[in-house]
Structure formats: structure tokens, C-alpha cells
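Colleague: Protein chains in written order, with my numbering: chain H, 1 to 346; chain S, 347 to 692; chain R, 693 to 1292; chain D, 1293 to 1892.
Check each hint, because a few of them may be wrong.
[Claimed, not checked] One-sided and incomplete, this derived list gives chain R residues near chain D with beta-carbon spacing under 8 Å:
| id | residue |
| --- | --- |
| 1 | N817 |
| 2 | S1028 |
| 3 | T1041 |
| 4 | A1091 |
| 5 | M1092 |
| 6 | P1093 |
| 7 | F1097 |
| 8 | I1159 |
| 9 | L1165 |
| 10 | E1263 |
| 11 | G1276 |
[As the list claims (entries may be wrong)] Restricting the straight-line Cα-Cα distance to at most 30 Å, the calculated cross-link-like pairs of lysine-lysine (DSS-like) are:
| id | chain 1 | residue 1 | chain 2 | residue 2 |
| --- | --- | --- | --- | --- |
| 12 | R | K1269 | R | K1240 |
| 13 | R | K894 | R | K758 |
| 14 | S | K488 | R | K953 |
| 15 | R | K758 | S | K502 |
| 16 | D | K1483 | S | K364 |
| 17 | S | K502 | S | K573 |
| 18 | R | K783 | D | K1483 |
| 19 | S | K376 | R | K1240 |
| 20 | H | K142 | D | K1431 |
| 21 | H | K30 | D | K1781 |
| 22 | S | K488 | R | K831 |
| 23 | D | K1709 | S | K364 |
| 24 | D | K1714 | S | K681 |
| 25 | S | K497 | R | K953 |
| 26 | D | K1358 | D | K1431 |
| 27 | S | K620 | S | K535 |
| 28 | D | K1431 | R | K784 |
FYI, nobody ran anything at the bench for these hints, they're computed from the structure.
Model, not experiment: these values are computed from the prediction.
Quick reminder that beta carbons are idealized off the backbone N, C-alpha and C, glycines included.
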Amino acid sequence: MTEAARLEPQVNHIHLAKKDYEGAESTMCKGCGHDAITASIITACYESSIDPRRVVKLSGIGCSSKTTNYFMNQSFGFNGTHGRMAALATGAGVANHHMLPIGVSGDGDTASIGLGNFAHMIRRNLRITYIVENNGVYGLTKGQFSATADKGSRAKKGWVNPWNAIDLASLAILMGATFVARSFSGDRKQLAPLVQAAMNHNGTAVLDVLSPCVTFNNHEGSTKSLKGIREMKDDLNEIDFIPEFEPIDVEYAPGKDLRVRMHDGGTVVLHKLKDHDPTDRVQAMSVVEQGMHEGKFVTGLIYIDETQPDFATQENVCDTPLSMLSEAELRPSAKDLALINESFMR
Amino acid sequence: MTEAARLEPQVNHIHLAKKDYEGAESTMCKGCGHDAITASIITACYESSIDPRRVVKLSGIGCSSKTTNYFMNQSFGFNGTHGRMAALATGAGVANHHMLPIGVSGDGDTASIGLGNFAHMIRRNLRITYIVENNGVYGLTKGQFSATADKGSRAKKGWVNPWNAIDLASLAILMGATFVARSFSGDRKQLAPLVQAAMNHNGTAVLDVLSPCVTFNNHEGSTKSLKGIREMKDDLNEIDFIPEFEPIDVEYAPGKDLRVRMHDGGTVVLHKLKDHDPTDRVQAMSVVEQGMHEGKFVTGLIYIDETQPDFATQENVCDTPLSMLSEAELRPSAKDLALINESFMR
Amino acid sequence: MAEMDTPPVNDVNICVATANGSGSASSNQILYKSVFKMGIPCSGKNLFPSNIQGLPTWYFIRASEKGYLGRKDAIDVMVLFNDDTLAADVKKVRAGGLILYDDSRPLPPALVRKDVSYIGVPAENLVKEHIKAPQLRAKQRNMVYVGAVGKLFGIPMGIMQEVLEDTFGNKPAVIESNLQCIELGYKHIEKLGTAQDVGFLKAVPNGNKHKIMTEGNTACAVGAIFGGATVVTWYPITPSSSLVEEMIERIPAFRRDEHGKNRYAIVQAEDELAAVSMLVGAGFAGARAMTSTAGPGLSLMQESIGLAYFVEVPGVIFVIQRGGPSTGLPTRTQQSDITLMHQGSHGDTRHIVLIPHDNSSAFDMAWQAFDVADRFQTPVFVMMDLDLGMNMSLSAPFAMPDRPFDRGKLLSEADIKAQGDKFSRYLDLDGDGIPQRTIPGNLHPAAAYFARGSGHDEQARYSEDHIVYRKLLERLRRKYETAREYVPKPIVYNGASTGMGLMSFGSSYEPTREARDIMATRGKAADHLLLRALPVNGDVRDFLASHKEIYLIEQNRDGQMTQILRDEFPEYAARIKPVCLFDGMPLAAGDIVESILGGN
Amino acid sequence: MAEMDTPPVNDVNICVATANGSGSASSNQILYKSVFKMGIPCSGKNLFPSNIQGLPTWYFIRASEKGYLGRKDAIDVMVLFNDDTLAADVKKVRAGGLILYDDSRPLPPALVRKDVSYIGVPAENLVKEHIKAPQLRAKQRNMVYVGAVGKLFGIPMGIMQEVLEDTFGNKPAVIESNLQCIELGYKHIEKLGTAQDVGFLKAVPNGNKHKIMTEGNTACAVGAIFGGATVVTWYPITPSSSLVEEMIERIPAFRRDEHGKNRYAIVQAEDELAAVSMLVGAGFAGARAMTSTAGPGLSLMQESIGLAYFVEVPGVIFVIQRGGPSTGLPTRTQQSDITLMHQGSHGDTRHIVLIPHDNSSAFDMAWQAFDVADRFQTPVFVMMDLDLGMNMSLSAPFAMPDRPFDRGKLLSEADIKAQGDKFSRYLDLDGDGIPQRTIPGNLHPAAAYFARGSGHDEQARYSEDHIVYRKLLERLRRKYETAREYVPKPIVYNGASTGMGLMSFGSSYEPTREARDIMATRGKAADHLLLRALPVNGDVRDFLASHKEIYLIEQNRDGQMTQILRDEFPEYAARIKPVCLFDGMPLAAGDIVESILGGN
Ligand SMILES: Cc1ncc(C[n+]2csc(CCOP(=O)(O)OP(=O)(O)O)c2C)c(N)n1
Ligand SMILES: Cc1ncc(C[n+]2csc(CCOP(=O)(O)OP(=O)(O)O)c2C)c(N)n1
Ligand code: SF4
Ligand code: SF4
Ligand SMILES: [Mg+2]
Ligand SMILES: [Mg+2]
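Kindly generate the complete structure, drawing on both the sequences and the hints.
Modeller: Encoded structure:
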């Protein structure tokens, strides 16, 4: 941190300091993974010189969902109902497709109550950076299993989970997601550039981020404890994101490295650690499956497809945001009405 | 048919005639695929000598969901709300795990509004034969696209579907289903034994059955028309089901054929048409994916795992159905209550 | 009765019994529109099953020179074109009435009543004989009764032909073959020389000159387009689907920009939970957003309706009521979701409900709803029902909105600057309970706020403070009180009242109007108040105060509107007697009269 | 006031301010139970944030010899152990009251009030000095105030030790270190020799002899086990989670069969839509099924509640109300989901609601609810709220059910045989609106039926007939009327009334009882009626008839219960005046008195 701090310029490309990306004071438990993710989001937005006023923060209900309040005070935010953020974002996204939506959800929020709406949002390829702060537990309601808790995992209350975990990354790929990544709250080096890339993706970018709940799911017997995750984490690639306004001067090893130009500008540079091509959907599915099989959390950029139109494009929405259209553009004329009336006289 | 009719005995193993498996008169449109599925269910139950009084029929809302009324009049039935059959069945199944639940749903019912509950039912491996009568359209509300409509498919009203179809077979496998098959309403030879096998499976058996809606989705440009399905259908295997009470006298070619003993009795014999091992989960996922890729509907028994405990077993439910327990078994004694009261005095 | 002597003119009630999916929708339409074209006020009500093909359906065409458009109990003419329901249908026609049936096969003797007359038209045989394409026969058989009825009651062949041409515009083959069948029926009657004395239709020159005929859902669809709806979310459900489907058909004509892009988005959601959440998201983001649903969907929307109320997000929700509870009777009409609209969601809520009573007010309230929603920053319901929404009826033409969009206290960047660069999302500056509002895209540094369904203070910050919370709830209630004077006022129809008052709303209006006239002829003159919105306002209190005996006509079992009024006006609670008619049939004046005065 | 002269005995109201997750839950528990153990009636109310760690929380311990268990507005003693809220907390104590604070650091001078006394206890320093393990210090600091309060108010050290031992049973290390901290506080005060004159606690021999202390959710959990609940479905939500979690803990002791198998299933659903659908499925299949939820969950359950009502499936739904609307204040209390319970779902419904007012009635109604549900074949609500459900309070011990299970008209195979092998699922044989019922597993050939949420006739066949439908709805309403005399009756507390009546229900009962006593001392004697169920019954009408001025105490904004009563009793509607106190704080008698009589 200190080293990075010294190197960091005081303001970014749009003359904002890092603190301009901060939000209200966090009310998470000390050490909660969610706070670390917040920090990575702040870093990512700062580094990418995102204008906070162009961002809409969206979330459901849960500890995780509260965190949209803890970054970017200058952005609009909407902390909705449990499990419906995907649909809320769909409405907000189509109403004003010029805004940049960042959604934060929990594993309960997304994989339990919100599963259906999550799947259908992906199907529509809504433009959004959708971050699941995945701790395998219901934090805010004090420690029940969520649907991403691993089979055999032990809850703080002593209960043992009998059900297989839902893997959000493979589900996202199956549902047609065009950007799927997995990371760990504690790995800011991996997470921040993933968030940067996601924000420049023109479609649904799902980030399944393992994020230990230090209060209710950090004990022996839990697979989503800090220790558990560290042991099981398995990186597919190292990732760099180079914003549009910066020269691409990272090291690049042809064959081993991969460059993807993002639809909305900027470039992702991937240094492969495993033999995995993230543009191959079938491979993407199986690398995750394989990982699970071996008891590993595969992380990194798992799948990317920059060619698909996003929801607003598919809906053929006009350039002016729908929310900004004027009466002149919306209300047909008295003559139009006369014609309609006439048609009802026949 | 005539040939089969001649061979058919008048009554089955439990002395019921086929008409004893019939239900109320169908109100489907003439030629609707759903009626053909009903006929296969009747055949399957008759052939397997299922006692109708042991069956609970469950469904959601839609043309498809109405059809539980059109077979087995002597069974209990519950036509619930749109999309919630999976959860309804979970409650009914745990309340009395001795009953045999047959669920019938539509693609709208399961893949749109019911997706989340469907996925979680599978995760719990609830014992049920879950049949989706998949026509890619909302029949009962007159022809809107469902979530299984293929991209580019044209609706009767002229609209073109911009979204990728949700593939229920691969979703089921991903969610951990222990029995996944696909078939076509028009192929009773394939469908009836699949239903028989499903009924003897001790867990969630998902049958995704393509079933043309002759009224709203049977035109040029629809991929789920009778013609479309016939063209795209691609059989993985031929299937025979031999009930417990019958000798296994079908031809069997080692290497090419596969026998699976079902948990609740009876044996499935598969004659492989493709090189596919339905006990291999990863293969099962990819054979479906591959099919989609090639514009085919892969049919047959796609995946089977007879080793997993079902929901009631996993919940350690006692042998007597919960619904049949007596007051003596349920209400603790006055002494128990005194102890509880005492604990509240400290 | 007098009608038995001289057959009445332009007062005929026809019921057509057919099977679903048999093509009768078109033939009934032709018949209905022909009556309209003759200048006779008329309504066309479809009693259809929750099924696609083969189940019984009945269509009621009522021609009423006096302009009564409600259902009439007494059926003058019964067209028997469904073998499955013959026995019951024969009983439905009034004594002295007429039965028209397909005599290709003889009617079972048991179905022959002495007190009605029978006329046969061998539709099946005629069609078999004259229509070549066998696949057309089943559907076109119904056109034969159109011709027969036309001839019997005096609808000129030319008018039916015109209507056919209007309806099938550019499909000459369809027009031709349909026309052929109509003529078959027409000529058959002509040839028979049969007459009847049940009633006649006689053209009224310019009779419907300033009238339009349409369905309420269409009126709402057009109204919503004129109201500036840009984000339309929906999930199909009877009887609401046609509202959005009409929008899908109509909106492209008005909302394509110069690049061929859409100035709207219509999103078919995966379920109603998503539809309403999308609505809330779009409303928050500043779009004029709407959805349309029926009972089961409304139930599923409850949680997010409370969110919108508490976060103060505008949105318009059309509810086309059907027979509840549960799946109930999806193709029958009721007014039984009132409580769930008005007090929907958990916790204390009070929602604004606009209540059209005909097609022209449905259009008006559809566009107005967007203004009300924007002004009050809250979900606004437009309460429809199947009878209003899916049946053909007459009304005044749609009137061009008389005022520009009211986007309420929506601040632009300049607005914030003008007020000293300050903005507090939930501060009640004006004492009317309505705070100021901004939307994403407003780049003023003070514009952004954090919306949440949990407790919050005037600056939209999280708060659990009990005083902040109480004040917030009180302000929300104040907003509702402010809305009281903003929403449409009731209309009072006073006469020489005997102290009796009738109150109606929505689709109950028309039959209540008729019931009042009937009651007057029976010496029981009553005044009539039409409720047009919740919260109630205007003359309601006076009306209650000045009438000792008040009947509130409701199409539900439990008197849902009565409960609301009794609570609002406890001092008059005992005067308000609910007249609850809830069998799912479109309400008939006769039933109202009978409930109040007793059987004749 | 008199108290200033002789300090009152056993009438002390203590408020402890700490931070969430700081271990204060334990210390408050110890303090509360110690007061109980002394034989003094007492309640312990926790005002906690919707958060896991670090936000402010307050705990109210009220000792009341007279047995008033509601919250008291005037705080006698404030324990300041949360730096974040110091400034506000200092203001909360009444004039003449006492502030106990951690004087490890001096109190900012601005926080020193002249009209209260201050006593310091250097908890942080004491803990730092005496507790070796640093990770324990933060949590155990709170135990210091327990000792200090104990010493100041006269709780014997021995009693606190006993409570510690009861609480931490087999964890001697925990007992020891906690005891050490309590002693640190105790001895510090002892050493200081400080006295106070706010009040004292004095043991009452056998004072709480026939009392138990617990939380309402626990009472419901135990009651449900005694009611024979076998299928428990749930989705976690504050403040209802602890109800099912208590069942999870307790049920194995009673419901393992000889093979170690469970005579129950507790299923954590994926959401409330699933939880309630599972409930309906299990109820249909014949199990005694239940779920437990709060406002947002109740909203999501609406559709299937209507299904259960219309299909006539039994099921018990516990609703632990919290501050609405929307997410609202999840950790505050309200009674604001009444309409949504009583008239929940679209269409006409009327649901049975049982309303406990203390722990012992919560136990009773929890088991009774299963009988009521089975008898009426309908969902039954048990209306709780956060104050009742999650706060510690005294009550009579749970009484063993006085009657066997009532499974209602549930037919066995033999029953069907005995009535001539006939069975009609929806036929009202007895005129009480309640039909007979069978469940899967009944092998009689006539037993099976087809349940559906759509229209159906007496034989459970699909029907769209309007008369069949009207009769069905009328029968359902008749069933509700039958329930009127079956559900718990109100209790009337008559006195020397001046014509004024108070009505209360649920957690409003206790503070209303106290308010009535206060009002009597102010010359305004009132009678008091406790509502215990919907539909209302018994003496309610008489009570309304015999009191001219009636105040209905409700913890909601809009007078939801008032609306129901005004509709049920229109002739008395104007008499019923809602007293709406809805700020989310546990209701205090003082607020009621003030609302009715005005501030003194
Ligand atoms: C409809 C509804 N049901 C239940 C709840 C209670 N609830 C609040 S947060 C939560 C789970 C949160 O879990 P997760 O999404 O994993 O977030 P975390 O707290 O673990 O970050 C639940 C069940 C609610 N707020 N709304
Ligand atoms: C909550 C709710 N929303 C909407 C509906 C209306 N509805 C009835 S059936 C149906 C879709 C049926 O489609 P599917 O499940 O594919 O069945 P199909 O008719 O095609 O067999 C819909 C949307 C409803 N009954 N309930
Ligand atoms: S409870 Fe868990 S998820 Fe919630 S803030 Fe604490 S550590 Fe984080
Ligand atoms: S509408 Fe389609 S799905 Fe429904 S019954 Fe007719 S053919 Fe079958
Ligand atoms: Mg979580
Ligand atoms: Mg379908």
C-alpha cells in the first residue's frame, strides 16, 4: 500500500482525487470482505477516471447490498428489495442507457431469492457491472446458509449444509453472460482491474467475488472462510486493465498473453496462468466445473464476448435517454388523435 | 397403434384397465402436443402398474398445467399458481413421501416465472417426475414468447424473439438434477418409457418434452413447430423400461447398450445411438450444448445418477408420512412442558 | 308487457352462443359494428372461457336507443350455435323471445319451449354446400347467423358489407368469402319470409356521430401513449394482456425517431416481480414507466409497490380486475382488488387510484395517471376491470389532453442552481408533503441521492431514529391528503331525490345509471354519485350528509369500497349500504334494482 | 415528585446504551435475569440496529413492582457505554435521574447536566488492568456496568453469580471471567461508597414464583411444537427468524422416532414465495404446516395466501411485524400488517387472525392456530410483532393444551365408507360453510379430488358458471362467520367507567392496561377491551354500544384495525377513535395517556 501510495498521482485523468470516490462510513463488521471489495471498486473507478455523476449504484438487501452506500457519494444509488436488483437495474438501465450501472448483491440476494431475475437479466445482456459479494451465508440475518454454501460446510450455529452449492459463474455462462469473472475480496490486484474491465463491457458483466463473512462464516469447517478461500483459490490469469486514455505499455508475451479491446474503450491484458481461453464458452463452462470437481475456486477472467449487443441496443432504444425525452417527442398530436378516433368510428 | 393394441393385455399387473388411468376430457386445442404427452403418461402409468391412488398430480398455470386433470381421475391433483409448482411439490412431497408426485408444467411456468423455484427444487433432489411441456410459447395467454423460444423465432403475431433460449436440460444438470431427459410429445415410444423410468427414480427427474402449440407456435419461422421439432430432433438413445414385475427380456448388446437399475425398482435399458454415457455429468452438459450449437434438439436419457439421496432422505424424515402422524407422536407431554417452563424461570 | 304488442325499435338484446376458437369473434364483431354503423347506441360483451379452443362462449349485443350500455338480464334473442350448451341456452331467452338455431339437424324436442319462437337457419348445410375449402367451413359457419340476424332485425346488407370491408381492409378474399356466408344467412331468411316481433333495428341518422366504439384496454393503451409512457414492462395475464399488446401495435407509428430508433421500450418481463421492479427502476431513473396486470400479478407486485411508495418513485399500474380470489375466474369481471390497490403492500400505505367508468375516461385517466404519478412521486393505479377493458362499448371520442405534461417537482441542474445549489430529496418545502426530486443524468453536484426502502431522513441518509421515521410517515400521509384535491372529482347526478342515493364507480356506473332510471319509474327516485378516484374528495361528504339511505354498488363480495368510505366518514358509516354483486357477469341494472327494491 | 424524597422501591427504569456486537447482549441479559430472580416483575426491551456490529443499541430494563411490563418513557438511569451516542443519550434521562458512565476518560463538559447525578466507573481501565486476554476486553467491558448497577441498586452479588451460572452452564471459564468483571464494577462502587436516590431494588420472596420469562418468538416456537407442526418452511427475516431457529434447536428433543428419524421437517426455502407454496403443498397433503415471516415476506406470500384461501388448505402463518412500509425499520416494532393479513391477496378474502398479547397467550394461540386452520381449512395468521416476539418479558407459565388435536372434518377411509362411500370436497353439508376434506394417502376410491385455484364446483370440478361461483364465494364468507364464534373471545376489563372505553390488541395491551390505571388516577376511569382475534366476536358489539367514546390503540399510522371495526360496526363507527402510535418504539403507557388526555 505504501509503495502504491507513493506512486499514485494525486488526481486522476478527470482531476478527481481518490477520496472523491469514497462514500459514507462503512457499517460492516471489522474485517468483513465486503469492505475490501468496496475499496477495489473505489480503486477501479478512480483508476478508470469514471465520473461518479454518471454512475448509478444498485443493490438488493443484505450486508453486501448496503455497501453501495460506502462508495461514490456523488452517484445516484438505489438500495431496493431483496433479490430484485437485477430487475430494478433493467428498468433503470433502459430508462437511461447513458448511465453506468454498478450493481452489488449478495449470494443470498442473487442465488436464492433473486435467482430467476438474475438469470433473465443475463439473458437480456443488460449493460451492468454486477458484483456478487459471495460469502456463502446470510450475513445480515445472522448466519443461515445461502445457496452458495458448499455441501458439508458447517454453519456457526453448528448446522451442516446438505445441499450442493449453486455456482454463479457457470450459471451465468449457461444463461448467456458475455463477461464472467471470479475473484476474491482480498485480492485487490486481481479484482480492481476486473471491475475496470467490467465497467467498459457493453453487456452484463458478472463478477462472483468470494468475500468472507468474518462474523458468521469464518470458522473451522466453513469453505468460505478466509483460510478456506485462500487455500482453494486458483488463478486462471493475471489481469491488467489499460484505460482508453493511457498508453498500453504493459509487458505482453504473445501466445501466453491475450488482449481484448473492450467495447466502451480500454483494453484488457491477460497473462495466462493456466491454459484457458476466456473467449471459448465451452471451455469456460468446463474450467469452472473442473475446478469445482477438484475443490478449487477458479478465479480470474473466465469468459468474455465483446461482440453481443446489449439490452438497450437490442431494444433499438433511441440515443436520447428515454427519461430525458420531452413532451414534444412523446405526445402525439391532436391530428394523430383525430385519426385514432376516426378509426374507432368504423 | 393397432399392432400395439392387439398385443396389449386387457388389464395390467394390478388389474387395472388402461381407461382406469384416464382423466377428464381434454380441453386442449385439437392436435396440441400436450394431449399426446398426456397419452404417454397414461401409457407409462398403465404399463408400470402404478396405483393411481398413490399418485399426486401437481401443476402450475398454463395450457400444459391444466393437463394433470386429463389423466388419472383417481389421483389427488393440485393445480396451483403460476410458476410455483416446484415449491408446492416440495411441501407435498415432504408431508407425505410415500406418494408418487407427477408434476406437469409449461415452459413459461418453469423457465420464466418459476425458474428460481425450479432450480432450488432440483438442488434439493425432491422426488418427483417433473415434466415440462415445452412449446416455446405462452399458450394460455395467446402466443407471447416464453423463455425457451429460440432466438430469431417468429411469433404468430409477427414479433421476432431477440433473446437466447433457456435450455432446461442443461440448466437442470447444472443445478444438480439426478435424472434429465428430453423428448418430443409426438414420440410416444421414447417418451412413455422415459416417464416410467422417471417415476422409479428416487429424486428429481426432469423431462423436457418438446410439445408443439398448434394454435400459436406452429407456423413458418417457429423453431418449435411440429415440422421444426421433427427436423431438429436428434436421438441419443433408444430406451426401454422394464418394470420390477417383468422379466428383463429385451435384446441387450454389451458395449452398445446400458442397463441402469432404478432405485425404486425396474430397469432402464438404453440402446445407444450416439456415443454418449448418460452417467457422466460433464458429457451430459456438453452433449446438450453441442446439440444446441448444431441447431439440434438432443433427445433421450441425457443424464442419470441413481446414487444420490432424495430430499426426504436427506431431511431424515421418519418412515410414517408426516401427514399421518398422530397426536401421540407429535405433542410432547405435560412433563415436557413443565421442564420447559422451569427453564424459563432461570 | 307493452313490447308484445308493437315490437320495440332499437331496443334489442341478442345473445350469441358459440364455441371458443370457432371464428365467432369475427362474426360477433361484424354484427356489433353493423348496429353501431346504423347509428344505434350499442355494447358488445364477450363471455368467454379461460381456454383457447372448444369451450362455450357467449356474446351479448345490446342495442339501446336510450343509450344503456350495461348488460341486460332479459335476453330477447338467443342464437344457438353451440351444441354443447343448447339445453341451458334455450332456457336463457325471455318469454316471448326468439331463438335462432342451426336447423341442419333438428332440435331435440325436449328443447322446444312454448313461450318463445324458433327460427332455423341451416348454417352447417349451407356452408357445406357453398364453401369449397373445407378448412374454412368450421369458422365461416358463424357468419351465417350474422346474415340471418341482420335480415331478421333489419340490418341492411350494405352496412354489413361496409363493416366487413372496414374490418378486413386489404384482404379481399376474406371479405368475399365472409360476405358470401352472410348472404347465405340473409337470403335464407329472406326466402323463408319469416318475420319476428321481438324488436327491430332502425337506422338513426347520425345517431353515433360523436361516438367511438372501442375497448377499455385500447383506450388505456392510447391514453398511455399520449401520457408519454416510455418504459412499459409487463407479464402477460388475462384480461390485461391486450392493453400492452395494443401499445406494441400502435406505439411505433408515433415513437420512431429520425434514425428509426424507438422512443420507448416495451419489455416483457419474466414475471410480475420483475415487471414491477423494472417499473420502479425506470421510474427512479426518470422515465414515465407503466405496467399492466390483473389480480395474481398485483399480488406478486405487493412488495415492490411498497418500495415505490416509500422511496417515492412514480409509476403507473393498470389493473384490469377479474374474478378472484386466486386464479378464480380469469375471464370474468369483478371489482375485487380495491383494498389491494388502495392499501397495497405491508406497512401503512395509501395509494392513489384513478377509476375510469367508460372508454373516454379510460383514455383521460391513462394519460393523467402519468402526471399524477410524477407530481406525487408515487405509484398510481388505474382501476379497470374485464368488463370495461375487454368489451366493446361506445363513448365520446378521446379528447386531446388539455394541459402539458406535469412532471411535478422534478429539478433540472439549473433549478438546483437557482435555489442556491441546495437539494434535499425528502424535505417538504411546501407543506404539501411532496418533496423535490432529481433523476440520474442530472449532473449538478448536489443532485445525486441514495434511494432506499429502509428508514431515511430528509437528506435521504439512512436513519433509524424514531422521530425522523414518524415524521416521514406523517409526510407520506400528508401527500395523500394533498392528492385528495388533485385527483378527479366525483360527478353527482341529482334529481328529485327521495333521500336515497346511489354511489357507483368504474364499470358499475353504466348499469347504476340505468338502474336509477328504472327505479325512478318505480317511484323510487334516487340521486347518483360517480366516484372517480381514491382518495375520495369533492362532493362525497355532502352527498353522504344529504342522503339518509345510500347504496354503494360494488362488484365484490365484501364491500371493499364501502369499507374505505365507512372508515373515511365514520359519522355516515351506517348510511352506506353496500350492494355487492359479484358473480363475475358484467353487471346488469336489473340486479341492482332487485337488490335495492327487491324482486319486482 | 414524591420519589425525590424517599427513593422508590422496585420501580426503576434503566436504559443501557452500548454498541451492537460488543457483547452487551449477554451483560444485559444477566442484569435482566438478576432482577427477575429477585422476584421483581420486569421486562427487558432491546432497541437494536439493523446491523451486525458497531451501531448503537439500547436496552431497557424496567422493574415494576406493580407488574407493568410495557416500555416506560421516563428513564431513571442511563448507562452510557457507547461513545457514539453520548450526547443524545445524556438528554434521555429524566430530571433527577442518574447517569452511569465509563470515566476511564472524562466526560466532555458539554455533556454535564445539572439536573441529574453522575456516577463514573472506569470500566475500560479496570478491564485493561485485570483481564489478561486482550481479545476478551472489548466484550467484557460491559460486564463492569452490570456489577456497578447491581451494587448501586441493591442486586446481591450472589444473585448475579447464580444467573451467570444458569446462563453459561457448562462453561466455567466464561463464568469466571464474566464474574470477575462484574465484581470489578461492583467493588468499584462499593469502594467509592457512592449512593443514589433514584430507586432501589429489593428482593420480593416468591415474587416471580408463578412466572416465566422468555420472548414471544420462543413462546410461539414451543407452542407450534405442541400444536403438532410437522412441516415448517421459512426464509430468514428479522424479526421472525428466531421463531424457527428456536424450533430448530428445540424440536429434536421431542420428535425423533425410535430409529433416530425426524417426525418433522424444517425447510429453509429459497424465498418467501417458495416458503408459502411449500406450506400450501404440505397443508394440502395433510401435514400441520407453518411458516413465519415479517412484512416484506408477507407481501411476497400474497398470491399463494389467496390460493390457500380459495382451495381451502390449512396452514399457520406467524407474522412478526416490524416497521413498514418496504424494508422500513426492520428492527423496530409496529402493528401495520393487519389489513394485509386480514384481507390479504387479490379478490375477496377474509382471513382468521389470532392475536396474542403476552408470552403465555402466544404459546396458547400458537398451538390453537393449528386446530383452527384444520377446522376451517384455511390459512390462519398469528399476529405478533417485534416487541412481543423478540423482547424478554414475564408471563404465566405455558399451560398444557386443554384439548386434543382438532383436525376438523378430515375424513379417513372408514369415514367415507360410513357415509355411504360418498365424498364431495366442497359441499357444505352442515350449513357452517365448512366442507369435508381428504388427504393424499386416503385410498378410498372416492377420496381423491382435484384442487385448483380456479373456479370449481362442490365436487371440485372446474367450473366457470356464475351461480356456482357466487355460491362458492358466499360459502367461504359463511365459513368466516362460523369462525367468529370459534376464535378466542375478547377480554373485557370493566371498572367504574365514565363511558370511556379503551380497546387494545397484541403488544398494545400491556401499555394500555397501564395507561388505564394512570388515567384512572387522573379522574378518567375507562373500561378496557382486549381484542384477541379476527373476526371480532363476543363482547365487542356490547362494548361499542355501551361506551360513547372509544379509543382503539394501534401501532400503525392509518388505523388499520379501526378501519376493520368501523366497517363491521357501521352504527358505532363514529365512536371508534384510533390512537395511532407508530414511531417504531415499543409502546409506552405515557404516550397513550398523552394522546387521549393531552400532555399534562
Ligand atoms: C423479502 C425479504 N425476505 C427476507 C429478508 C431478510 N434478509 C435481509 S438480508 C437477507 C440475506 C442476505 O444475504 P446475502 O444476500 O448473502 O447478503 P450478506 O448479508 O451475506 O452480504 C435476508 C434473508 C428481506 N429483507 N426481504
Ligand atoms: C401470476 C400470474 N401471472 C400471469 C398469469 C397468466 N398466465 C397464465 S398461463 C401463462 C403462461 C403459460 O405458458 P406456459 O407455462 O408455457 O404454458 P402453455 O400454455 O404454453 O402450455 C400466463 C402468463 C397467471 N396465471 N398468473
Ligand atoms: S455479518 Fe458478515 S457479511 Fe455482514 S458485515 Fe459482518 S462480516 Fe460482513
Ligand atoms: S393454445 Fe397451444 S398449448 Fe394451448 S391447448 Fe392450444 S395448441 Fe395447446
Ligand atoms: Mg451472503
Ligand atoms: Mg408454453
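Colleague: For each hint, tell me whether it holds in the structure or not.
Modeller: Hints, verified against the model:
At its closest, the beta carbon of R:N817 sits 31 Å from a beta carbon of chain D; the interface hint therefore is violated under the 8 Å criterion. For R:S1028, the interface hint holds, the least distance from its beta-carbon to any beta-carbon of chain D being 5 Å, beneath 8 Å. A cut of 8 Å between beta carbons decides the hint on R:T1041: the least distance to chain D is about 5 Å, and the hint holds. Hint on R:A1091 is violated. Least Cβ distance to chain D is approximately 32 Å, over the 8 Å limit.
The restraint placing R:M1092 at the interface with chain D is violated, with a minimum CB-CB distance near 35 Å, outside the 8 Å limit. Checking R:P1093 against chain D by beta carbon gives a least distance of about 31 Å; that is not within 8 Å, so the hint is violated. At about 28 Å, the closest approach between the beta carbon of R:F1097 and any beta carbon in chain D exceeds 8 Å, and the interface hint on this residue is violated. Hint on R:I1159 holds. Least Cβ distance to chain D is approximately 7 Å, under the 8 Å limit.
Taken as an interface hint, R:L1165 checks out: its beta carbon lies about 5 Å from the nearest beta carbon of chain D, inside 8 Å. Interface hint at R:E1263: satisfied, since its Cβ lies 5 Å from the closest Cβ of chain D, which is below the 8 Å cut-off. This hint holds: R:G1276 has a C-beta 5 Å from the nearest C-beta of chain D, less than the 8 Å allowed. Straight-line distance between C-alpha atoms of R:K1269 and R:K1240 comes to about 11 Å, which keeps the hinted pair within the 30 Å bound.
At most 30 Å may separate the alpha-carbon atoms for a hinted pair to count; R:K894 and R:K758 meet this at roughly 13 Å. The hinted pair formed by S:K488 and R:K953 meets the criterion: a straight-line CA distance of about 28 Å does not exceed 30 Å. With a C-alpha separation of about 41 Å, the suggested pair R:K758 and S:K502 falls outside the 30 Å cut-off, and the hint is violated. Proximity of D:K1483 to S:K364 is assessed by CA-CA distance (about 93 Å); at most 30 Å being required, the pair is judged violated.
Only pairs whose Cα atoms come within 30 Å are accepted, and S:K502 paired with S:K573 is accepted, the gap being roughly 15 Å. Between R:K783 and D:K1483 the alpha-carbon distance is near 99 Å, which puts this suggested pair outside the 30 Å criterion. Restraint check: the Cα-Cα separation between S:K376 and R:K1240 comes to about 58 Å, which exceeds 30 Å; the hinted pair is violated. At most 30 Å may separate the alpha-carbon atoms for a hinted pair to count; H:K142 and D:K1431 meet this at roughly 18 Å.
For a cut-off of 30 Å, the pair hint linking H:K30 to D:K1781 is broken: about 51 Å separates their Cα positions. For the suggested pair S:K488 and R:K831, the alpha carbons sit about 18 Å apart, so the restraint of at most 30 Å is met. About 26 Å separates the Cα atoms of D:K1709 and S:K364, which keeps this hinted pair within 30 Å; it holds. A distance of roughly 42 Å separates the Cα atoms of D:K1714 and S:K681; the hinted pair therefore is violated under the 30 Å criterion.
Note on S:K497 and R:K953: the hinted pairing holds, with a Cα-Cα distance of about 21 Å set against a maximum of 30 Å. For the given pair, D:K1358 sits about 34 Å from D:K1431 by alpha-carbon distance, which is inconsistent with the 30 Å threshold. Between S:K620 and S:K535 the alpha-carbon distance is near 18 Å, which keeps this suggested pair within the 30 Å criterion. For a cut-off of 30 Å, the pair hint linking D:K1431 to R:K784 is broken: about 81 Å separates their Cα positions.
Figure legend: structure checked against the earlier numbered hints; hints not met, in rising order: 1, 4, 5, 6, 7, 15, 16, 18, 19, 21, 24, 26 and 28.
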